[in-house]
Structures are given as structure tokens and as C-alpha cells.
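For the sequence shown, the residue numbers in this note's numbering are 1 to 308.
Among the hints, erroneous ones may be present.
Unchecked claim - When the alpha-carbon atoms are kept at most 25 angstroms apart in a straight line, the in silico BS3-like pairs for lysine-lysine are as follows: (1) LYS131 / LYS15; (2) LYS71 / LYS196; (3) LYS19 / LYS178; (4) LYS131 / LYS19; (5) LYS40 / LYS196; (6) LYS40 / LYS15; (7) LYS131 / LYS38.
Said to hold, decoys possible - Ranges between beta-carbon positions, derived for each pair: (8) ILE189 / ASP91: 39 to 47 angstroms; (9) LYS71 / ASP14: 25 to 33 angstroms; (10) TYR188 / GLY295: 49 to 57 angstroms; (11) GLN63 / HIS268: 44 to 52 angstroms; (12) SER9 / ILE189: 41 to 49 angstroms; (13) PRO115 / GLU3: 27 to 35 angstroms; (14) GLU67 / HIS268: 45 to 53 angstroms; (15) PRO4 / SER100: 25 to 33 angstroms; (16) ASP14 / TYR188: 23 to 31 angstroms; (17) GLN204 / ARG271: 25 to 33 angstroms; (18) ASP14 / THR114: 29 to 37 angstroms; (19) HIS268 / SER9: 50 to 58 angstroms; (20) SER184 / ASN207: 32 to 40 angstroms.
In case anyone wonders, no lab produced these hints; they're calculated from the structure. These numbers were taken from a predicted model, which means no experiment stands behind them. Note that beta-carbon positions come from the ideal geometry of N, C-alpha and C, so glycine has one too.
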Amino acid sequence: MPEPLVPMSGTTADKFLSKQVYKNNRIAQNMFSSATRKDKKIMLPQTLLKGLTIQKLWDNVFQDNTEFLRKYHDRRNESKLEIGPWDYAVDHGSGSRFVSLVAIVEVPRAGTPTPLNQAHRFAYINTPEGKLMLVYQISSQTPEVPAGGSFRTEAYFEITADSADSDCSIAIWGNCRKMSMSFSAIQYIATPRAIKEMTSAYRQMVNMISEDQDRAMWEGSRAGGRGPAPASTGGWMCEEKALLTAAREAQIQTMRYRWMEQQAEIEHLQRTVSLLKWMAYVQVAAVVVALSGFGYLLKRHLDLTPEA
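Could you put the whole structure together from the sequences, leaning on the hints where they help?
Dropping the structure here:
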């Protein structure tokens, strides 16, 4: 049986992970941004996972060789899934692994299968407030997509609980990490698309986690002879507040990126208009100079011509 996670004390996830050493040469420190919410967009607001402790969630979802991850990727029509084993730290409070699969993307055309590489890492800590927090990061790249090597998509999880025996909550943020200057030309198009796709994917993951837990609670209730009625939690998707918050955040993000695109277009048009103005001024000046020169030459010609 795998060893349980052991929370670290006296540090933050970001401080620890920023110094993490990776034995797998396919994982590097520059694949990840800081292990904080900074510069990331909310994709899933804090959502309670009823009946799941952090350890139980880890065992069911993120542990080596879980059936859940294979079922999740199958449902998303992703194939050739290869999940590497966790490389745990000695204290069992952090680790990393490499995952590869073939995903379906929308560029260069809809329904295109392409290799997807992922680097996973985590840190399990005691917070200064006395709570437990599991920070989980996924850094992904599609190298065969046009300009796919110029950036990485990132998902940042914060899984928190009051104690080891308490139900945990999960919240997820996302962003794109620039890996080369060529990403600057496409970031206002690529980032909203990536956030939209990740939001859909990780909401589906959390929904499946909730469904599995509801099913387990129902089967446990039946096995205990307490009747056939399921002890339904309703799933996080049924929580009206979470839905409204997520929808509002998604709408705000979309509007923000549209505004940024429009601002860039307006600035481009302003520069073009300014250039055209200067060109018009130059043309007018050139015409004035030409007419002045012509008038001067005509006057000299008339002055030098003897009267008839």
C-alpha cells in the first residue's frame, strides 16, 4: 500500500517548489510559474468535495495507477495515455511526474489529434493558519501545434482542509506561460482559448470526482442496510453560487481579452492615421515647394526674355 502524504511545516509551497530538484530530465524548473495564484485566472471557485479528505482525494485521483485518471482521459477521447510514477521527496511531502497522451485540439483545425506532454508537481503543507493545503500544478505543452513550443498552459490547484479528517475543498486557476518571444504575437488569441479549454476540462474532472463520491456513498449506504436512497451531495455543478461565480469570472475574462484586443487594434489604427497625416503634410509641403519653384523659374524666364 502506498505511503500516505506527510505535510511539511515552516515553509510555503512556492518557496519549497522554487527549489525543487527534478530527477526526470523531461521536467525543468522553467516549465512552471510561481506556485501561487499570482497572474492566474480563476477557472473553478472554491468547491467543497463532500466526504473526501485530502488523503482520500489523493488516493482516488492523483496516486500512481489510479483508475480515475484513465477513465477521465477516456471520457475526453484522449488516447495513448502514459502516466509516469511519482518521484517523491524523502519526507513524502512533495513530488513530480511526467505524463504524455494524445489530445484533441481545435487548431489548426477542429478535432486534430496531437501529442500533449505534461509535467506534474505537488507540495503538501501546513499553513500558518493551522490548515492543510495540497498545492498541485500541471504544466502542459503541445509541441506539434503551430507555435505550440512558444508557451505552456498551466493549471494551479489549491486543495485545502481544516484537518486530516475534514472534508476538503478545491479551487483551480490557470494561465499561459511564455517560453519564447514568438508567443507575444499570438498571446491575445491563444490565452483565452487555452483558459476556456482548461476550464471545461477541469470542471469535468471535479464533476466526475463528485459523481464517483456520490456513487460510493450510495453504495456504502445500501451495503449498510440503510435503504436504497442515495445520499446525494448534488455535485458541485448543482451549487448555484459556484455556477454563477464561474460564469461571471469566465465572462469577465472574455470581456477583458476582447477589450485588450480592441485596444491593440485601436492603437494600430491610431498609428496608421497619424502616419497618413504626416504623409499628407509631406505631400502638401512637396506641392508647395514644387509650385514655388515653378513660379520662381517662370519669373526668371520672363525677366530674361527680351520684350517682343
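These are the hints, each one checked on the structure:
1. LYS131 / LYS15: holds, 18 angstroms
2. LYS71 / LYS196: holds, 22 angstroms
3. LYS19 / LYS178: holds, 21 angstroms
4. LYS131 / LYS19: holds, 23 angstroms
5. LYS40 / LYS196: holds, 13 angstroms
6. LYS40 / LYS15: Holds, at about 18 angstroms.
7. LYS131 / LYS38: The hint holds at about 21 angstroms.
8. ILE189 / ASP91: 39 to 47 angstroms: The hinted range 39 to 47 angstroms holds for ILE189 and ASP91, with Cβ atoms some 43 angstroms apart.
9. LYS71 / ASP14: 25 to 33 angstroms: This hint holds: roughly 32 angstroms between Cβ atoms.
10. TYR188 / GLY295: 49 to 57 angstroms: holds, 53 angstroms
11. GLN63 / HIS268: 44 to 52 angstroms: holds, 51 angstroms
12. SER9 / ILE189: 41 to 49 angstroms: Holds: the Cβ-Cβ distance is about 44 angstroms, inside 41 to 49 angstroms.
13. PRO115 / GLU3: 27 to 35 angstroms: With a Cβ separation near 32 angstroms, PRO115 and GLU3 satisfy 27 to 35 angstroms, so the hint holds.
14. GLU67 / HIS268: 45 to 53 angstroms: Because 52 angstroms falls inside the window, the suggested range holds.
15. PRO4 / SER100: 25 to 33 angstroms: With Cβ atoms ~27 angstroms apart, the hint holds.
16. ASP14 / TYR188: 23 to 31 angstroms: holds, 27 angstroms
17. GLN204 / ARG271: 25 to 33 angstroms: violated, 43 angstroms
18. ASP14 / THR114: 29 to 37 angstroms: holds, 31 angstroms
19. HIS268 / SER9: 50 to 58 angstroms: Roughly 53 angstroms apart at Cβ, these two residues keep to the hinted range, so it holds.
20. SER184 / ASN207: 32 to 40 angstroms: holds, 35 angstroms
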